[in-house]
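Chains as they are written, first to last, in the working numbering: chain A, 1 to 317; chain B, 318 to 681.
Because the hints were derived from the structure by calculation, they are not lab data. These numbers were taken from a predicted model, which means no experiment stands behind them. Each residue gets a CB set at the ideal place from its N, CA and C atoms; glycine is no exception. Heads up, a few of these hints could be off.
Stated by the list, open to error - Capping the alpha-carbon separation at 20 Å, the derived lysine to aspartate or glutamate pairs in DMTMM-like fashion look like this: (1) B/396 / B/425; (2) A/21 / B/574; (3) A/28 / B/509.
Unchecked claim - If we take Cβ atoms under 7 Å as the criterion, some of the chain A residues that face chain B in the derived model are: (4) 27; (5) 36; (6) 46; (7) 77; (8) 112; (9) 115; (10) 116; (11) 120; (12) 147; (13) 154; (14) 156; (15) 197; (16) 246; (17) 253; (18) 286; (19) 313.
If you want the building blocks of each chain, they are given just below.
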Amino acid sequence: MTAVAQPAHPALPKKKPRFSKLERREIKWGLIFLSPWIVGFTVFTLFPMIASLIFSVTQFNLLQPQDFKFIGLANYQRLFTDPQVWQSLMITLRFALFSVPLAIFLPLGLALLVNAKNLFGKNVFRALFFMPQMISAVAIVVVFGGVLNSQSGWINRILAFFGIQGPNWFQDEVWVVPALALMTVWTVGNTMIVMLAGLQNVPTELYEAARVDGSSPWNSFRNITMPMISPVIFYNLILAVVGSLQYLVGAFIIGNGRGDPNGATMFYNMYLYKEAFGYLDMGYAATLAWVLFFIGLGLTLLLFRLQRRWVYYATGD
Amino acid sequence: MTTTTATHPRNTTNWAAKRRWRNFTAISLTTLLGLVILGAFLMPLGYLFLTSFKDLQQIQDPNAPFLPSRPVTYNYQGKDYPLVKVPIDGTVKELALVNKGRVSQMIDPQNPDKGLIDWTGPAGVAQPWRTLTPVYRVEPYAGNFAAANDAVNVFRLMRNSFIIAILSTIGTVMASTSVAYAFARFRFPGRDVLFIIVIATIILPGQVTFIPQYVFFRSIGWGGTWLPLIVPHFFSNAYNVFLLRQYFMSIPKELDEAAWIDGASPFRTLISVIIPQSWPALTAVAMFHFFWSWNDFFGPLVYLTGREDLYTIPVGLTQFNNAFGSQPGLLMAATLMTISVPIVIFFFAQRQFMQGIVVTGVEK
Numbered sequence: 001m002t003a004v005a006q007p008a009h010p011a012l013p014k015k016k017p018r019f020s021k022l023e024r025r026e027i028k029w030g031l032i033f034l035s036p037w038i039v040g041f042t043v044f045t046l047f048p049m050i051a052s053l054i055f056s057v058t059q060f061n062l063l064q065p066q067d068f069k070f071i072g073l074a075n076y077q078r079l080f081t082d083p084q085v086w087q088s089l090m091i092t093l094r095f096a097l098f099s100v101p102l103a104i105f106l107p108l109g110l111a112l113l114v115n116a117k118n119l120f121g122k123n124v125f126r127a128l129f130f131m132p133q134m135i136s137a138v139a140i141v142v143v144f145g146g147v148l149n150s151q152s153g154w155i156n157r158i159l160a161f162f163g164i165q166g167p168n169w170f171q172d173e174v175w176v177v178p179a180l181a182l183m184t185v186w187t188v189g190n191t192m193i194v195m196l197a198g199l200q201n202v203p204t205e206l207y208e209a210a211r212v213d214g215s216s217p218w219n220s221f222r223n224i225t226m227p228m229i230s231p232v233i234f235y236n237l238i239l240a241v242v243g244s245l246q247y248l249v250g251a252f253i254i255g256n257g258r259g260d261p262n263g264a265t266m267f268y269n270m271y272l273y274k275e276a277f278g279y280l281d282m283g284y285a286a287t288l289a290w291v292l293f294f295i296g297l298g299l300t301l302l303l304f305r306l307q308r309r310w311v312y313y314a315t316g317d
Numbered sequence: 318m319t320t321t322t323a324t325h326p327r328n329t330t331n332w333a334a335k336r337r338w339r340n341f342t343a344i345s346l347t348t349l350l351g352l353v354i355l356g357a358f359l360m361p362l363g364y365l366f367l368t369s370f371k372d373l374q375q376i377q378d379p380n381a382p383f384l385p386s387r388p389v390t391y392n393y394q395g396k397d398y399p400l401v402k403v404p405i406d407g408t409v410k411e412l413a414l415v416n417k418g419r420v421s422q423m424i425d426p427q428n429p430d431k432g433l434i435d436w437t438g439p440a441g442v443a444q445p446w447r448t449l450t451p452v453y454r455v456e457p458y459a460g461n462f463a464a465a466n467d468a469v470n471v472f473r474l475m476r477n478s479f480i481i482a483i484l485s486t487i488g489t490v491m492a493s494t495s496v497a498y499a500f501a502r503f504r505f506p507g508r509d510v511l512f513i514i515v516i517a518t519i520i521l522p523g524q525v526t527f528i529p530q531y532v533f534f535r536s537i538g539w540g541g542t543w544l545p546l547i548v549p550h551f552f553s554n555a556y557n558v559f560l561l562r563q564y565f566m567s568i569p570k571e572l573d574e575a576a577w578i579d580g581a582s583p584f585r586t587l588i589s590v591i592i593p594q595s596w597p598a599l600t601a602v603a604m605f606h607f608f609w610s611w612n613d614f615f616g617p618l619v620y621l622t623g624r625e626d627l628y629t630i631p632v633g634l635t636q637f638n639n640a641f642g643s644q645p646g647l648l649m650a651a652t653l654m655t656i657s658v659p660i661v662i663f664f665f666a667q668r669q670f671m672q673g674i675v676v677t678g679v680e681k
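Starting from the given sequences, assemble the full structure and let the hints guide the process.
Now the structure itself:
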């Protein structure tokens, strides 16, 4: 287009220096407005990342800062032979097996519910299902600590009503991880809203066409809704997997920062916290952090590879 | 379920009535299902609310109903006797159980002059009085709130959390607006690469940068102060930059070009054109950040260790949980006080919240 227009405006080459000045002005102002991020990124992200990499190849304990020295890959070697790392990874994995399905199917179900044509008072339902998301993780732990109390908690009272002896939940080595996963049902609000928006973006013509063809509601759901919202589900699946790897707050409070009962809540991040802020072993803690990052990255890449089998992207998007 | 082909004006009223009835049934059933799920979902909130109005005895009583209640007693000849529900003469009467035994003796509070009533109960039961259920009366106990505040000074925690949240919110809104404006409206070399870096930092796990940051803040003497919790936010936050940039991009560029032609500086354009158009997004960002900060646990835990006077709500609540774990009433009262602020604000501004989530979550 410009190639056609140029011969018609012979004055254009003359204007070029003025345009360039404008461009310079734009660059100048752009960088001025960008400057908070440049400073913040350098000081609080880039520099710490480099420092963290350096820490991971050094012996660096804040209790004996004078012993700071380069030790190569010894921290990594220690990590791969540390039985506590494997144990904490297994606990984290077990948590993920419970919490990730919950974090996908519950918000999907709730989004379908609050999107249902026949639901009266949709906005009230949406707000109320979202509301616990406003409550701090600590308060959620405290509330569920009460609800799941083996004696006075309502869950065990309800179970007792049906003649079932409820477990000790947070005091039981076997039940504490599922109980922590159960607690995450209260923070599905964000995902629900995102999935709801995904549902509302499905073109209604598709459903109408399917109905004309005599498709049942279940078939419409399986063959229209699911493929159309699969990118949204995929996005939330990645968030859920990465989030479950980094799980900490509930385990920290329920386990009193020690992994109670009997090490059953010593999640990977909890172990990292203990090394960093309990023993102030910054070198090893930085190593743990980087390995966690790479585990998360690896899982994300794996999910991206697997997505071709089930995630549907409408052409043109 | 319901057909929407409403293009037949010759529908008989009978048919229309049938359809209305079917619609009504569908709406009722769906809404009922919704209410059941919502009830189960919000059950812990009900526990929180009701338990905060119970004293320890009311919580531990295994027979007590869910509402804060106390067994009713009746004073007979200077002594208190529990009131029980007694099936007698074909009805159920509330009588005070005076003497327990194979043949129990009751007194009717409605008619004490009648004297002791003998009650044998169902045949073949050794201690028939054990089958009787006690009578409870609803009696909320409000003492937990004052006691919780005495124990942990909830108002000081709220004040601390509020100061940190409001200052860091101001910081992040100002900085993120500026940075988002740069990305949305100015062309400079490397802009697209830098924006990808912004997105990448959203995904980067906090642990990787947290440890050097901690070492850094400690070495410049910011340990035990609020500064590490506030100052970094004055340099923008990737998530907020992303949200605001998306929003700014949707504002027609002709508006700021008109301002430029009128001689407004880029700064002036931001203040008079972009910001007035962006209140929904700015409100969403401000609220997200405010609650993120209000609820942040890890930062205050690490940086404020040992400075109890500076503690925020999540840290104070954790400490309270460790100290009063055996007293759910106190614990729930403290929790209820701390969550009331976010919940009240949420109900006033829920629309902005949900819009903000949609902007970041779907249009990525």
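Evaluated hints:
no.	hint	verdict
1	B/396 / B/425	holds (14 Å)
2	A/21 / B/574	holds (17 Å)
3	A/28 / B/509	holds (17 Å)
4	27	holds (4 Å)
5	36	holds (4 Å)
6	46	violated (9 Å)
7	77	violated (19 Å)
8	112	violated (11 Å)
9	115	violated (11 Å)
10	116	holds (5 Å)
11	120	holds (4 Å)
12	147	holds (5 Å)
13	154	holds (5 Å)
14	156	violated (11 Å)
15	197	holds (4 Å)
16	246	holds (6 Å)
17	253	holds (6 Å)
18	286	holds (5 Å)
19	313	violated (13 Å)
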